[in-house]
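Trainee: With chain A's structure known, arrange chain B on it following the hints.
Letter by letter, the chains look like this.
There are 2 protein chains.
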Amino acid sequence: MSNDMDGVHQKPDCLTVIDGGVTAPSGFRAAGVACGLKKSKRDLALIVSEKKASAAGVFTQNVVKGHSLQLCRRSISDHKAQAVVINSGNANACVGPDGFADAEKMAACAAEHIGCTPSDVLTGSTGVIGQRLNIDAVTFGIDLAFGQLSDSREAARAAETAILTTDLRPKSCAVTCQVGGRQITIGGMAKGSGMIHPNMATMIAVLTTDCQIEPMHLQALLSQAVNPTFNRISVDGDTSVCDMVVVLANGMAGNTVIDPGSEGEQILLQALTYVCSQLAQQIVADGEGATKMVDIRVKGARDAADAYRIVQSVGRSPLVKTALFGEDANWGRILTAAGYSGADFDPAGCDIYLGDLQVCSGGLAVAFDEMKAKQILKQNSILIQINLQDGSASDHLWTCDFSDGYIRINGSYRS
Amino acid sequence: MSNDMDGVHQKPDCLTVIDGGVTAPSGFRAAGVACGLKKSKRDLALIVSEKKASAAGVFTQNVVKGHSLQLCRRSISDHKAQAVVINSGNANACVGPDGFADAEKMAACAAEHIGCTPSDVLTGSTGVIGQRLNIDAVTFGIDLAFGQLSDSREAARAAETAILTTDLRPKSCAVTCQVGGRQITIGGMAKGSGMIHPNMATMIAVLTTDCQIEPMHLQALLSQAVNPTFNRISVDGDTSVCDMVVVLANGMAGNTVIDPGSEGEQILLQALTYVCSQLAQQIVADGEGATKMVDIRVKGARDAADAYRIVQSVGRSPLVKTALFGEDANWGRILTAAGYSGADFDPAGCDIYLGDLQVCSGGLAVAFDEMKAKQILKQNSILIQINLQDGSASDHLWTCDFSDGYIRINGSYRS
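Protein sequence lines, in the order shown, are assigned to chains A and B. Under our numbering, the first residue of the first sequence is numbered 1142, with each subsequent residue one higher. Under our numbering, the first residue of the second sequence is numbered 1142, with each subsequent residue one higher.
Source of the hints: derived by calculation from the structure; they are not laboratory data.
If several chains are the same, the list does not tell them apart, and a pair holds so long as it fits within one copy or across any two.
Okay, derived cross-link-like pairs now, BS3-like style, lysine-lysine, Cα gap no bigger than 30 Å in a straight line: (1) Lys1519 - Lys1152; (2) Lys1515 - Lys1180; (3) Lys1513 - Lys1179; (4) Lys1180 - Lys1519; (5) Lys1221 - Lys1193; (6) Lys1513 - Lys1152; (7) Lys1179 - Lys1515; (8) Lys1192 - Lys1246; (9) Lys1180 - Lys1513; (10) Lys1246 - Lys1179; (11) Lys1182 - Lys1515; (12) Lys1519 - Lys1179; (13) Lys1221 - Lys1192; (14) Lys1180 - Lys1246; (15) Lys1182 - Lys1246; (16) Lys1221 - Lys1246.
Only chain A is shown next, with the shape it has when bound in the complex:
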């Protein structure tokens, strides 16, 4: 069984993956500097487009929202932007009117360098909640970053590392494809390790492209690309107050504007989805304490809502995730998590596979080869497939195992 989706579980043939990040498309420069919010590590990222770009964003659904994110949402409402500035080390959240004023200062400082209006600068912050941002450090960092702006791979990498919190690895992806008579490029970077769950977590992703596209069209395609990718990952079930995905499209590839319903639109959507999918999987693989990446796929559900309930329930079950950490083929915990998901299904029709090894048939134990199960569970990437044989709806979720490392990291993050 399988339910591959183009751009989600495999790379479409029309895309070429290149080594690069947010500086890969024409007309984008970046920098990442250390301004003192974190001890001696990079903590401020800047991305600037040569021209004002079409901009689109998707934001956290948490009713509590960070101040930098609130300003970003307001600034992006005209669907135009020229720069993105993001600090790590402090979420700039839950500190009152001062927090919003600090975010405005971040935007104004960057806008002065560029010579644009502050509302063309998108702001993001990630880190600890409830502590006032050191805005002097941030503006110092922005000044520093403008002196280091470059379109090199190294500059993109510096920006990638400057947005990390508990992440161990920077995350990036870039692809090229043919659209509207030209080769266009899409680059992206992301951060996120804990507080990861569908509908945005403590993650921030920035995509850049030189593709020419109408802003509202870009927003529609971004939303479509985010749904099966960033909204299908879970590390711990927590969603944070600072999560966002933004994309800037500066049109410098010189392609003809992409029409809704055209072949070019399909290619661009596949490319956006693929980049989002790669960044999303990199987040899960770098989940706090993760030793394994887990791909959960459900098919044969009665409807899409039930398929989603089951992948979520299995993907956030601490018992399933600790069993995977322990490399224990405890499929009863998978069936149990599906059972309490709220989905309506008959357990007597349920098949479960670990990799290609069937461990449960019709809701009942199968006498499987324990040695083979051990081999599958020893891999650092594990596929769990659940077939309910009850309908035609399917869904998927990427998650990771739950290790003592997660406890260590989160038992002492703030202090």
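Mentor: Quick look at chain B alone, frame taken from chain A:
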């Protein structure tokens, strides 16, 4: 702030707590024996009433249901029972028709000893899913248990220990009160440590009472008592396929039958609620890997559904629970978990307290004494209060912290 409820957060004056368990009420005997399902530990519990009793039960809402539990639900449908037999070490779940037949053999074996019909014996099983029960060991154990039946405290204790799985401590409670002109006694025992979440988890509780009450009335009171107690605990968010609470009332106290709406009904409900509340809290305090018990209370919510969403969301957040393990006053995680709960509230009205220390006021950071916060978080019982100031609905949940011990236990439970 506080939102104490009689029998839930404090003991009503009309109740006297006594040392005892399921053998405390008149006419109940118990035994707990080792029959070989577990390595050298007790694994079979038996409780027998002298007379056929009114019986009521509440069962898991998981769509996957264990075979012993399925038989118990069928047997209790006439609201009469005389005995309860429970094995640990094997959940008797997901093994097909053999599993149901094995449960029937358990009941038949006990019924033969008593001289009652098999449907008067309630069955329960807890342990690993998907492995056939060794029914010969179970019937051997039942024979052994009938030879050891006693109304002593020690016999109740033996039954309490025989139903444990990953639990570290046996769980019991007993109270007396005056009802219908007589002193009646309620005793109870429970197990449960992981897979604990509202609406029954991998927990089993058995209550006994010598109170005389109509079976349907007993069912109504049990459901009312379970809701604010067993349905308000969470260890890891997982709910299992074998969870149940059953109560047997044999009438041997000789009280006049309790009328619905009477004062006696209120006292009995308080007593049932108090016993369930004590057992529920003992389960959480013994949660897998738990180092702290956590009491989460929400008030000022717009409606009951929102209050429930928030206590659940905060109570199952791995980030909140690991921060508590790390004794870190990271209230931002509490506010964040409330924010993504799905409840509709204005964060600008939200106050948060750790113990009696306010850490968040109107959604914003309060400059609190970090030393005092440390002292509060060092205790092994922690109260978290959230006041939304947005309405009059309240709710509560008992949970525990999330430690590396949980990972250790669950990374290797099956093997």
